[in-house]
Amino acid sequence: MHVELSNVTKVYEDPPQIVTALKDISFHVNEGEFLCIVGPSGCGKSTLLRMIAGLDRPSSGQIRFRGDLLTAPHSKISMVFQSFALLPWRTVIQNVEFGLEVQGRPKKERAEVAMDLLEMVGLKGSENLFPKQLSGGMKQRVGIARALAIDPEVVLMDEAFSAIDEFTAEALRAEVAEIHNETKKTFLLVTHNLPEAIELADRILVLSSRPAKVKSIVGVEMERPRIQTDSEFVSIHRDIFALLKGELENSIMRHRLSGLKEFKKLRDMEEG
Amino acid sequence: MLVAIFAIWESISLTGLVSSNELPALHDVILALIQLAATPFFLAHVGQSFANVTTGVSLALLLVFPLALLVGMRSQLDQAITPIIMLVGALPDLAILTVLVSVIGRGNVAAVTISAFSAFFPVYFTIRQGVKEIPADYFHVASVFKAGRAQTFTKMILPSIFPNLVTGLRLSFEFSWNVLLAVEVIASVAGIGTFISTSIGGSVHSLTYGLAAIMTVGMITIAMDRAVFERFENRIRRWR
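Here the protein sequences line up with chains A and C, keeping their order. Using my numbering, read the first sequence as starting at 1 and increasing by one per residue. Using my numbering, read the second sequence as starting at 1001 and increasing by one per residue.
Among the clues, some could well be false.
Here are the in silico distance ranges between beta carbons for each label pair [unchecked claim]:
1. 59(A) / 1080(C): 43 to 51 Å
2. 106(A) / 1188(C): 19 to 27 Å
3. 125(A) / 1034(C): 35 to 43 Å
Here are some chain C residues pointing at chain A (derived, C-beta under 7 Å) [claimed, not checked]:
4. 1141
5. 1143
6. 1144
7. 1146
8. 1153
9. 1174
10. 1239
The list that follows gives simulated cross-link-like pairs (lysine-lysine, DSSO-like), each with its CA atoms no further than 30 Å apart [to be verified]:
11. 1146(C) / 23(A)
12. 124(A) / 76(A)
13. 215(A) / 245(A)
14. 184(A) / 213(A)
15. 107(A) / 76(A)
16. 215(A) / 108(A)
17. 76(A) / 108(A)
18. 1132(C) / 184(A)
19. 124(A) / 1146(C)
20. 1132(C) / 215(A)
21. 124(A) / 215(A)
22. 124(A) / 213(A)
23. 108(A) / 1146(C)
24. 213(A) / 1132(C)
25. 108(A) / 132(A)
26. 184(A) / 107(A)
27. 107(A) / 124(A)
28. 245(A) / 124(A)
29. 107(A) / 1146(C)
30. 107(A) / 245(A)
31. 184(A) / 215(A)
32. 132(A) / 1132(C)
33. 108(A) / 23(A)
34. 245(A) / 108(A)
Read the hints as simulated data drawn from the structure, not as lab findings. The beta carbon of each residue, even a glycine, is placed where N, CA and C say it ideally should be.
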C-alpha cells in the first residue's frame, strides 16, 4: 500500500461552533494507481488531499506513506493546484525548476529536467514566458511539469482541471492519463466532475456529505482511452450519480436548515 | 506640461505683469541654479538634505519591515497593532518635531528621526497589504516543495511583496522630502531648507536663489524616480 489513511477525522473548532468535516475516513491507494475522490461540494475532499500533502493535520487518525507516518510535506509527494499557483515573477522554466531549486540541485541539472518535462507537456519554446502570457491550459501544463520535476512517487491533483475551459481540459486529461501510464506514478485526483473521474480512475472513492465518510469505493475496469458514450461508462456514471444524488439532497437540506451564512463560514474555515 | 508652465512663468515676468521682487524671471532662476551648482557651500547643503532623507527612509524601512511582515501574516496581531500605528501616524510630523527638539535638542538626530517618522507610514501599510494579498496557494506551493523558512521568505514572500515595497519606498521618499525642508529650519540643521530660509530672508536676489533651491529638490525627486523606482517598476511590469 502506497498511501494509507486510517480513521482520519478532521474537526474545525471555532467556538462555540465545532464542525466535523471528515469522519473516520479509511482507505488506501496502491502504488501506481490512479484514484479519484468525488463527493458533494463542501464535503471536505480538498481538505483530505491537503492532509495527504502535509499542508493540514488530521484531528485524529493516521496517514501513512510507504508505512511511515506522514506529519509534514514529503519530498516524494507533489501537488497540482486548481488555481495553478504559478509564481508570477518566475518564467515558465523557473516555475518548473522551483522544487529542484529549493532542494539545492545544480543549475544545469535543473534546466535539463525542466526542459524535458516542458517538452513532454508541449511547452517547448515557451520556457521564457511569464505566467501572465499563458492561457489557463498552458498554466496547468506548467503546474503539472512543476509537480513532476521533483520526481515524486505520488502526485496529488486538487480539482486540477476545474479552472480550465472544457475543450482544453479534455485534452489535458488525456495527457495526464498518458503521463500516468508512462510514469507509473501514483495519482490522486479530487474532482466534482464525475465523468472526469470515470475517464481517469482505476478506482473512485465516493464521499458522503458533511461530515464526510467513505460512502463507497468503485472500481473502474474499462479499457483506456475511455469514451463517455460507452454503455459501461454510462452505467458507472449512473450508479455513482445515484449515490451522490442522495448525498447532494442531504447536504442541500442541511445547508438550508442551518442557514446559508453558516455554510459560507464553514467553507471559509476550510479554505483558510 | 512642465514646458508650458515654464513658458507662462517666463512670459509673465518678461511682460512685467508681476515685479521681479515677487516673481523672479525663469531665466534668472536658471542662472542662479547654474551658479549654485558650482557653489560647494550649496552642494554641501544639498548633500546633507539627501543624507538625512536617505538615512531616515532606511531607518524606517529597517524598523518597520519586520513589523509589517509579522502583522501581515497574523491577523490577531494586526488588529492589536494597526490601530495604534494609525493613531501615531495621524499625529502631525512637525508637532512631534517641536516636542522632540525640546527633549533631545536641535540637530541631525531630531531631523533624521522625523524623516524616519514620516517615511514609516507608507512602508508599513504597503508591505502589510502586500503580505495580506499573497494567495494562500503560494504558501502551499512553498510547503509542498519543502522550502524552509528562509527559502519561503527569499523565494516566495519577498518577490510577492516587491511591487508593494517599491511603491512604499517611493511614497516614503516623497513624504520625507516634503517635511524635511521645514524640519531643517526647526531643527537648525544644514540642508536645502535652511539654505532657502536664509536666502529668502536676505538680499534682493534671495527669492531667485530660494526658487532655485526648491527646483533642486524637485530635480532630485525626479532623478530618484527615473534612476531607481521607474527601473524597478519596469521590471515588475514584465511579469505583472
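Please check whether residue 1141(C) passes as an interface residue: C-beta within 7 Å of a C-beta belonging to chain A. Since the shortest Cβ distance to chain A is 5 Å, the answer is holds.
Measure nothing beyond the straight line between the CA atoms of residue 215(A) and residue 108(A); if it is 30 Å or shorter, mark the hint as holding. Violated - the C-alpha atoms of residue 108(A) and residue 215(A) are around 48 Å apart, more than 30 Å.
Residue 1144(C) was flagged as interface toward chain A. Is the shortest Cβ-Cβ separation under 7 Å? Holds. Min distance 5 Å.
Is residue 124(A) close enough to residue 213(A), meaning Cα to Cα at most 30 Å? violated, 43 Å
Agreement of residue 1132(C) and residue 184(A) with the hint, judged by alpha carbon distance not exceeding 30 Å: violated, 40 Å
Quick check on residue 1174(C) please, does its C-beta sit within 7 Å of some C-beta on chain A? Violated - the Cβ of residue 1174(C) stays beyond 7 Å from chain A, reaching only about 25 Å at its closest.
Pair hint outcome, residue 76(A) versus residue 108(A) [Cα-Cα no greater than 30 Å]: OK: residue 76(A) and residue 108(A) at ~21 Å, within 30 Å.
Should the hint that residue 1153(C) touches chain A count as held when the rule is a Cβ pair under 7 Å? Constraint on residue 1153(C) not satisfied, violated at 12 Å.
Just to be careful, I want the Cα atoms of residue 184(A) and residue 215(A) compared with a cutoff of 30 Å; is the pair within it? Status holds; Cα separation ~27 Å.
Take a quick look at whether residue 108(A) and residue 1146(C) sit within 30 Å of each other, Cα to Cα. holds, 21 Å
Next pair to validate is residue 245(A) with residue 124(A); report whether the Cα-Cα distance is within 30 Å. violated, 43 Å
Given residue 1239(C) as an interface hint, is its Cβ closer than 7 Å to any Cβ of chain A? Residue 1239(C) check passes; min Cβ-Cβ to chain A is 4 Å, inside 7 Å.
Going through the hint list in order, the structure does not satisfy hints 1, 2, 3, 8, 9, 16, 18, 20, 21, 22, 24, 28, 30, 33, 34.
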